[in-house]
Amino acid sequence: MLQLVWFKRDIRLFDHQAIHHAVATGEKVLFMYIAEPSIWQAGDLAKRHFTFMQQSLEDIQQSLRKIGGELYVAIGEMESILDDIYKMYGAFRMHSHYEHGIQPTFDRDLRVKRWMHEHTCLWTEYADFPVVRGKNAPRRRDFLKEWIKETILAIPRQVFSLSTVPNGLTNDLTILESLQVPGEERAIDIRGGEKEGIAYAKRFFEEKYMRYNINMNKPYVAPSSSSIISPYLTWGNISLKSLMRAVQKHMKHLKQTANPSEYDFLFEQLKSFQARLEWRSSFVQTVENFPMMHIRSLDSRFEGIRHQNPELLNAYIKGETGLPFLDACMRSLQQTGWINFKQRAMLATFGCNVLLLDWRVVGKVLAHAFTDYDPGIHWKQMQLQSGIDPKHHIPMHNVIKQGKENDPKGEFIKLYIPELRHLDNTNIHEPWSLEINPYITPIIDLKQSMDDHKKLLYGIKKNGHASE
1 MLQLVWFKRD
11 IRLFDHQAIH
21 HAVATGEKVL
31 FMYIAEPSIW
41 QAGDLAKRHF
51 TFMQQSLEDI
61 QQSLRKIGGE
71 LYVAIGEMES
81 ILDDIYKMYG
91 AFRMHSHYEH
101 GIQPTFDRDL
111 RVKRWMHEHT
121 CLWTEYADFP
131 VVRGKNAPRR
141 RDFLKEWIKE
151 TILAIPRQVF
161 SLSTVPNGLT
171 NDLTILESLQ
181 VPGEERAIDI
191 RGGEKEGIAY
201 AKRFFEEKYM
211 RYNINMNKPY
221 VAPSSSSIIS
231 PYLTWGNISL
241 KSLMRAVQKH
251 MKHLKQTANP
261 SEYDFLFEQL
271 KSFQARLEWR
281 SSFVQTVENF
291 PMMHIRSLDS
301 RFEGIRHQNP
311 ELLNAYIKGE
321 TGLPFLDACM
331 RSLQQTGWIN
341 FKQRAMLATF
351 GCNVLLLDWR
361 VVGKVLAHAF
371 TDYDPGIHWK
381 QMQLQSGIDP
391 KHHIPMHNVI
401 KQGKENDPKG
411 EFIKLYIPEL
421 RHLDNTNIHE
431 PWSLEINPYI
441 TPIIDLKQSM
451 DDHKKLLYGI
461 KKNGHASE
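According to full-length UniProt numbering, the stretch in the sequence shown is residues 1 to 468, in order.
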């Protein structure tokens, strides 16, 4: 029987359960990636993500060919591609990872399940994250403990590939470029692919982790000590399990080799990184339980109080609000596709709570900008940062205060706002205080907006019970 490996957000060979089980049958394997318009044109994904995905596919194509395999791609909806495969080969078995996404992928999976059942084909899904599914699933914490113990799977030495495939499939990856995906074509600083992801991980464990906690909130130096590995986890270029095991390995190695005077400090850096890897799964669990997270507020009392303001939104997107630190953060994100977490939270809360723009609109802007956009993490964070999660407070970050704390010398500001490079740290965060402002006039009165909107939002939160 033909074995199918369906790549989605798991574009790698190492520690890949679907590949392992398909190859273990000894049968011929069809490796495929389908660019589905219903997913890529749903609105949350952008050209930046598509480029990263294409680079990842190019990388895995090279790796597959070294072991006798071939990657095939197509543009179309999954059921149509499965029809073509079924007509040529009859019943088959398909292997893939569990994808934890928002409504479009949730609905697609239901359609594919129905197709497989109607055609008497078997579809086996494997857990790529310690996320539980179904009413009778074990507690996530218990599942995590068992999941992390599972064997790390090596890349197969040899695979048996097909010599002929249906007309809809091709090994020419350039055909994917014809799919229209939202967003601008931009160069991205972070290149996709399993080899690139492994290289980033090695650099982190060799030296970058040593100041992980110290620099994580400072955007000017954060890239020098952050792993920057989140895009590779998001698109499955690296398995979360193998990375978590690598952290454990380095902790043990550190205990054996570190200078006693440095051990506690260095161990805490790795411990902090380990905690953030575990947090990823807890956020992904949320969207597994609530796939409408990107549309529906957890607290409906806040519906209708935010507005549409194209002028404010455009200034926010371009990093032209007149608030230097905020603008530098947005320009950096738009150019590179990455920024540290604290400034991500600041950008989100400013758009949602200071400008009072719709959290869904702000969420889409940021989703398009983040190369590492993961629906489960992103939309839960948008609900948290906009204050519409009934169990949490309403964040209201003062962007001037954050700039002075996390970029005191204005080094990050000067990197992205050249017209302010001549200013010293006394004036660079509030250039409007000068007799002649060398920068854009702020689009809002920051203090007034924060005071007004804090009063409005907390007034709603304190008035009656949350409606989920």
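None of these hints come from the bench; they were simulated from the model.
None of these values were measured; they are calculated from a predicted model.
Do not take every clue at face value.
[What the hints assert, rightly or not] Computed spacing ranges between beta-carbons, pair by pair: (1) D424 / K195: 30 to 36 Å; (2) N437 / M251: 48 to 54 Å; (3) E419 / P260: 48 to 54 Å; (4) A91 / R301: 47 to 53 Å; (5) K195 / E411: 46 to 52 Å.
Backbone N, C-alpha and C fix where the C-beta goes; we use that ideal spot for every residue, glycine too.
Hints versus structure:
no., hint, verdict
1, D424 / K195: 30 to 36 Å, "44 Å, violated"
2, N437 / M251: 48 to 54 Å, "50 Å, holds"
3, E419 / P260: 48 to 54 Å, "50 Å, holds"
4, A91 / R301: 47 to 53 Å, "51 Å, holds"
5, K195 / E411: 46 to 52 Å, "32 Å, violated"
Going down the numbered hints, you'll see the structure goes against 1 and 5, while the others check out.
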